[in-house]
Every structure is written in C-alpha cells, then in structure tokens.
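Here the protein sequences line up with chains A and B, keeping their order. For the first sequence, the numbering used here assigns the number 1 to the initial residue and increments by one for each residue that follows. For the second sequence, the numbering used here assigns the number 1 to the initial residue and increments by one for each residue that follows.
Treat the hints with care, since some could be wrong.
Said to hold, decoys possible - Subject to a maximum C-alpha distance of 25 Å in a straight line, what follows is the list of computed SDA-like cross-link-like pairs (lysine to any residue):
hint: 1; chain 1: B; residue 1: Lys82; chain 2: A; residue 2: Ile163
hint: 2; chain 1: B; residue 1: Lys82; chain 2: A; residue 2: Leu314
hint: 3; chain 1: B; residue 1: Lys82; chain 2: A; residue 2: Met308
hint: 4; chain 1: B; residue 1: Lys82; chain 2: A; residue 2: Gly204
hint: 5; chain 1: B; residue 1: Lys82; chain 2: A; residue 2: Pro135
hint: 6; chain 1: A; residue 1: Lys118; chain 2: B; residue 2: Gly121
hint: 7; chain 1: B; residue 1: Lys82; chain 2: A; residue 2: Phe202
hint: 8; chain 1: B; residue 1: Lys82; chain 2: A; residue 2: Arg267
hint: 9; chain 1: B; residue 1: Lys82; chain 2: A; residue 2: Tyr130
hint: 10; chain 1: B; residue 1: Lys82; chain 2: A; residue 2: Thr303
hint: 11; chain 1: B; residue 1: Lys82; chain 2: A; residue 2: Leu92
hint: 12; chain 1: B; residue 1: Lys82; chain 2: A; residue 2: Gln123
hint: 13; chain 1: A; residue 1: Lys118; chain 2: A; residue 2: Ala260
hint: 14; chain 1: B; residue 1: Lys82; chain 2: A; residue 2: Gly266
hint: 15; chain 1: B; residue 1: Lys82; chain 2: A; residue 2: Met205
hint: 16; chain 1: B; residue 1: Lys82; chain 2: A; residue 2: Ser316
hint: 17; chain 1: B; residue 1: Lys82; chain 2: A; residue 2: Val139
hint: 18; chain 1: B; residue 1: Lys82; chain 2: A; residue 2: Ala158
hint: 19; chain 1: A; residue 1: Lys118; chain 2: B; residue 2: Gln81
hint: 20; chain 1: A; residue 1: Lys118; chain 2: A; residue 2: Gly150
hint: 21; chain 1: B; residue 1: Lys82; chain 2: A; residue 2: Gly150
hint: 22; chain 1: A; residue 1: Lys174; chain 2: A; residue 2: Ala260
hint: 23; chain 1: B; residue 1: Lys82; chain 2: A; residue 2: Lys174
hint: 24; chain 1: B; residue 1: Lys82; chain 2: A; residue 2: Val254
hint: 25; chain 1: B; residue 1: Lys82; chain 2: A; residue 2: Glu129
hint: 26; chain 1: B; residue 1: Lys82; chain 2: A; residue 2: Leu249
hint: 27; chain 1: B; residue 1: Lys82; chain 2: A; residue 2: Cys256
hint: 28; chain 1: A; residue 1: Lys118; chain 2: B; residue 2: Gln78
hint: 29; chain 1: B; residue 1: Lys82; chain 2: A; residue 2: Ala37
hint: 30; chain 1: B; residue 1: Lys82; chain 2: A; residue 2: Ala302
What the hints assert, rightly or not - If the Cβ cut is set under 10 Å, some of the chain B residues that face chain A in the computed set are:
hint: 31; residue: Arg2
hint: 32; residue: Leu6
hint: 33; residue: Leu79
hint: 34; residue: Tyr83
hint: 35; residue: Cys88
hint: 36; residue: Asp102
hint: 37; residue: Pro131
hint: 38; residue: Arg132
hint: 39; residue: Arg160
Just so you know, the hints here were simulated from the structure itself, not pulled from any lab data. Glycine included, each C-beta is placed from N, C-alpha and C at the ideal position.
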Amino acid sequence: MKLAGLAAGNGAQSALHPAGVNAARIRDLLGAYTGVAAVVFVLVVGCALLALARRRARPGEDSAPQRHPAPARERRTVRIVEALSVLTALTLLGLTLADFRTRHAMAALDARPELTVKVTGHQWWWDFEYQDPRPDRIVTSPNELHLPAGRVVRFDLASHDVIHSFWIPTLHGKKDLVPGDPTSTTLRPDRVGTYYGQCAEFCGMQHATMRFVVVVEPPDRFARWLEAQRAPAAEPATASTQRGRAVFLGGPCVLCHAVAGTPAAGRLGPDLSHVGGRLALASASLPGTRDHLTRWVENAPATRPGVMMPPTALSSRDLDDLVNYLASLK
Amino acid sequence: MRAAGLALAVLVLVLGGCERETRDLAPPAHAVATVATVRAHRLTPGPDSALVPGRSAADRGLVEHAVQNSYAVSQGKQLFQKYNCTGCHSAGGGGMGPALMDDRWLYGSSPDSIYRSITAGRVNGMPAFGPRLAQADAWRLVAYVRSLSGLVAQDVAPGRNDAMKANPPENTINPPRRVVVSAPPPAATASHVGTP
Numbered sequence: 001m002k003l004a005g006l007a008a009g010n011g012a013q014s015a016l017h018p019a020g021v022n023a024a025r026i027r028d029l030l031g032a033y034t035g036v037a038a039v040v041f042v043l044v045v046g047c048a049l050l051a052l053a054r055r056r057a058r059p060g061e062d063s064a065p066q067r068h069p070a071p072a073r074e075r076r077t078v079r080i081v082e083a084l085s086v087l088t089a090l091t092l093l094g095l096t097l098a099d100f101r102t103r104h105a106m107a108a109l110d111a112r113p114e115l116t117v118k119v120t121g122h123q124w125w126w127d128f129e130y131q132d133p134r135p136d137r138i139v140t141s142p143n144e145l146h147l148p149a150g151r152v153v154r155f156d157l158a159s160h161d162v163i164h165s166f167w168i169p170t171l172h173g174k175k176d177l178v179p180g181d182p183t184s185t186t187l188r189p190d191r192v193g194t195y196y197g198q199c200a201e202f203c204g205m206q207h208a209t210m211r212f213v214v215v216v217e218p219p220d221r222f223a224r225w226l227e228a229q230r231a232p233a234a235e236p237a238t239a240s241t242q243r244g245r246a247v248f249l250g251g252p253c254v255l256c257h258a259v260a261g262t263p264a265a266g267r268l269g270p271d272l273s274h275v276g277g278r279l280a281l282a283s284a285s286l287p288g289t290r291d292h293l294t295r296w297v298e299n300a301p302a303t304r305p306g307v308m309m310p311p312t313a314l315s316s317r318d319l320d321d322l323v324n325y326l327a328s329l330k
Numbered sequence: 001m002r003a004a005g006l007a008l009a010v011l012v013l014v015l016g017g018c019e020r021e022t023r024d025l026a027p028p029a030h031a032v033a034t035v036a037t038v039r040a041h042r043l044t045p046g047p048d049s050a051l052v053p054g055r056s057a058a059d060r061g062l063v064e065h066a067v068q069n070s071y072a073v074s075q076g077k078q079l080f081q082k083y084n085c086t087g088c089h090s091a092g093g094g095g096m097g098p099a100l101m102d103d104r105w106l107y108g109s110s111p112d113s114i115y116r117s118i119t120a121g122r123v124n125g126m127p128a129f130g131p132r133l134a135q136a137d138a139w140r141l142v143a144y145v146r147s148l149s150g151l152v153a154q155d156v157a158p159g160r161n162d163a164m165k166a167n168p169p170e171n172t173i174n175p176p177r178r179v180v181v182s183a184p185p186p187a188a189t190a191s192h193v194g195t196p
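Just chain A, same shape as in the assembly (with noise of 0.2 Å):
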C-alpha cells in the first residue's frame, strides 16, 4: 500500500537515522559522547583489573596499604593522579563545548525560518496549520505534515487540552506541547523520504497511537501540495458520492468536522478537506485505505477505546456512499 515503504526497522522512526540537520547533529553528539565514554570506561576498569592481577598479597604478606611509602614513590602517585584529574578535566570541557557547539548550531536555525507550521496536540490527534500572512491561504493538514527538503521550518506548539510532546526521530528531539505556554522548535529537513512522528508525553488512553506521518519532499512538490490543499474540497462527481455528501452533511459529522466548501465547519475533530488524499487515517494508526476508513467510520471506538469519536449506526447504504464521499476529497 502507500505505506509499505514504512515498514518497521527500515529507519522511518530511529534517531540513529538521521534525515535532517538538527538529527544529524544529535546523532553526532550522541556518538561523541558514546565514544569517549567507551574509552573512559575500557581505560578505568582495564586499570582497576590490572591493579588487581598485579598487587595481590602473596601468602604471609600484610595486605594493608602502606602507611608510609618511600617518599619518591609517594610524588610519582601524586603526578599521575593530578594528570588524570587534568586530564578529567579536559574530558569534560571537550564534551561540554562540543554540546553547546551542537546547541549553537541549532539556535543559528532560529534565526531564519522560511515556513511556519502551527502544531496543536488534540486527545488524540495532531492539527498542523501552515501560517501564512494571508489568513485565506492559511490551510491545516492533520496528521499529516509535509515539509520541503532544505529549508528551514518553525514549529509553533500549542495543546488544546493535555501535555503532549511533539517528535520526529528522524528530523529533531522532541518539544513539549504546554497547554497555555506556547512553545517553539526549529528544524531542517535534508533528505527526501517518509517518517513517522509520535507523541512522546503520556497523554491518555491512546497515547502510543498518537502518530503522524512526516513527508518530506523536494520544494517545489511540496508547493504544489500546499497550493492543492488550499483548494475547496472536490464536487462529488458520481450518484454515491453525491448521496454520500448528503449523508456527510445531514449526520452527526458535521458536529464535529470540516469540509471546506461545504456547510460542514466543525473544529473539533479533523478538518476533512482533503481527507482522501492522506497516506494514513486516525492519527496515522492506520493505513489510508479504503476497507480502513469504513471500519473507523461505522466504528472507531472499536479500534481505539477513548476517542471522541463516536461509533454510527448507518444503514451499509448511506455508510457505503458516505465513505465514497470521503475518498473522493483527494
């Protein structure tokens, strides 16, 4: 399906697999970090073992330390361990500028970014809202970002009810999204691909399925997404998706979701403009696949206890026309 190149294991959710600047340089520190750590720690128990195996008390022997070793053995102890402390010392200062090298770095990113994306955290599902200084041209795409390779984009995250935590592995470490304190985070997307993003702050029942799905494409595909999604959604073209838009509009949808161009102008759930066109449905926890959206449709408590969303008693007609509808929004 659209998704099968997000299998797991295949690097779409791993810090370890960096596709942008600021998850480069997080990996790089990582490695820094693990790295000397690693030799620091081969060095201190290879000495502790060498220690052992070399100074054991033979049979007969006081194993006591010395109390009053001879003078110059005493300066020769003393030297080597203010070397090492020395040498602890620059250790340390190595691995404290080489973090605040990387914090430098990303901070320069802050300074200029070329795109503005509103995150908001719902229970459970994420709106992302392209900023633009014209408010007609302002689109929201939920659960769904798409994002242009190379450039750099500002997050503003806002929670319409809980503490969620905004993470994408592969671009950035997370941020938290703090209901009434909005926050702010800068990346750069380098390398084209699909990923997935989670929450990463315990939010509630459906927390671990909180997801989303990051598409990072070359600019000017990525302005033509834009361009598409501030388009009304589509006319329904057929007899059932006309029947469907009818059932859509006329059902407790509409108490809760958006089509643009239609009547329906419900903020709570999901904007559904352009809901057919997405590669996955309800948060990203599953596919976007037809056979999947009338399951979540007729009833989505059924596949994630909690949500808002309620289960609908459509006859296999209107449910049949209704999903027609909602796959023909591309």
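Given the coordinates of chain A, assemble chain B onto it according to the supplied hints.
Just chain B now, with coordinates in the frame of chain A:
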C-alpha cells in the same frame, strides 16, 4: 485474623469505587441517533412521561450507566463546552437559554426529559440535536446537565475544571431539597415567541 479483616476493609473501600469509574469506551453501535426527522414532544411546559416510549432494555442500561458514571459525566462536561451549549446556557447559570444549575425545570428533571429536550428540542429556542448527536454523547450531556444542579451523586460529579470557570466544581453543589416543577408561567410563552 486482623490482617484478613484489614484486607476485607481495603477491598470494600477499593471495590466501592469501581462502578463510579467504569468507562464506556466502546458504546454499542445502536447507541447512536438514527432520528432523521425532528419530532417535537411537548410544546407546553411540564414534565415528560417517565420513559421514552419504545426504548429497549439495552438503551435503559445505557441510561442507567450514563447518569451514574463519573466518566460519562466528565465527558459530558467536555461536550457541554465543545458543542457550545454554553452559548445559550452559559456555564449553567443561563443566558439566552434557561439556567441549568438551579432547581427549576420547565420540562422536568428526569434523564428522559432532559434527553428529549436535547434531541427533540423545545419551544422558544432549544434546537433539536437528534439527527446530529450520537446517542451515547446525548446521554453524557444529560448526565452532566443533571450534575449542574446536584442531581447526581456527589462522588460521580466532576471535582475539577479544566479551565477557568466562574462556578465551583459540580461535586461541591448541594443536592436540592426538592425538585420544583414550575407551573407554566401564564404569559411567558407568548412573550418569548415574538423575540427570538
């Protein structure tokens, strides 16, 4: 022996809270409004009959569950805000619509009456939400509306607010001594009709 007694006491205390929090996470599919047309039930004030005619036993179970369940009440509290009930009823004190936190009920305080007010609407402005509202959500709203005037058990009513709110949490409301069903105000109906 003492340990067994203690364990029993703890068990009683712990299990005593079970029903209160049982979460209806996957309401049955039938728990959804299939009302396609608006049916106005009563056009004049006064309580409705005890039960909505034709309701199945499963539905009655749903009602029993919703109006005595802490989770349902707090979900209803969220929906009350989100579905903009506050637009007319304010935070319960009333505005364009009647107050819900007092002990005066134009159409009776029974869950069934409130359910019908929500789904079928009432004269003088209460819209019918039946075709739009999932039935399970409607019952959650019923449960919350009843908690506003202290009609649900104190341990079931919400104990806190998610945001700043003018009135104290619902579980601090004293249950009213009696439920007053107001007689139809003589000129009220007529005077409201012309002023939407």
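Tested hints:
no. : hint                : verdict
1   : Lys82/B - Ile163/A  : holds (19 Å)
2   : Lys82/B - Leu314/A  : holds (24 Å)
3   : Lys82/B - Met308/A  : holds (11 Å)
4   : Lys82/B - Gly204/A  : holds (19 Å)
5   : Lys82/B - Pro135/A  : holds (24 Å)
6   : Lys118/A - Gly121/B : violated (38 Å)
7   : Lys82/B - Phe202/A  : holds (23 Å)
8   : Lys82/B - Arg267/A  : holds (9 Å)
9   : Lys82/B - Tyr130/A  : holds (24 Å)
10  : Lys82/B - Thr303/A  : holds (23 Å)
11  : Lys82/B - Leu92/A   : violated (53 Å)
12  : Lys82/B - Gln123/A  : holds (13 Å)
13  : Lys118/A - Ala260/A : holds (19 Å)
14  : Lys82/B - Gly266/A  : holds (10 Å)
15  : Lys82/B - Met205/A  : holds (20 Å)
16  : Lys82/B - Ser316/A  : violated (29 Å)
17  : Lys82/B - Val139/A  : holds (22 Å)
18  : Lys82/B - Ala158/A  : holds (18 Å)
19  : Lys118/A - Gln81/B  : holds (23 Å)
20  : Lys118/A - Gly150/A : holds (19 Å)
21  : Lys82/B - Gly150/A  : violated (39 Å)
22  : Lys174/A - Ala260/A : violated (32 Å)
23  : Lys82/B - Lys174/A  : violated (29 Å)
24  : Lys82/B - Val254/A  : holds (13 Å)
25  : Lys82/B - Glu129/A  : holds (20 Å)
26  : Lys82/B - Leu249/A  : holds (19 Å)
27  : Lys82/B - Cys256/A  : holds (9 Å)
28  : Lys118/A - Gln78/B  : holds (24 Å)
29  : Lys82/B - Ala37/A   : violated (52 Å)
30  : Lys82/B - Ala302/A  : holds (23 Å)
31  : Arg2                : violated (39 Å)
32  : Leu6                : violated (33 Å)
33  : Leu79               : holds (8 Å)
34  : Tyr83               : holds (7 Å)
35  : Cys88               : violated (16 Å)
36  : Asp102              : violated (28 Å)
37  : Pro131              : holds (7 Å)
38  : Arg132              : holds (5 Å)
39  : Arg160              : violated (13 Å)
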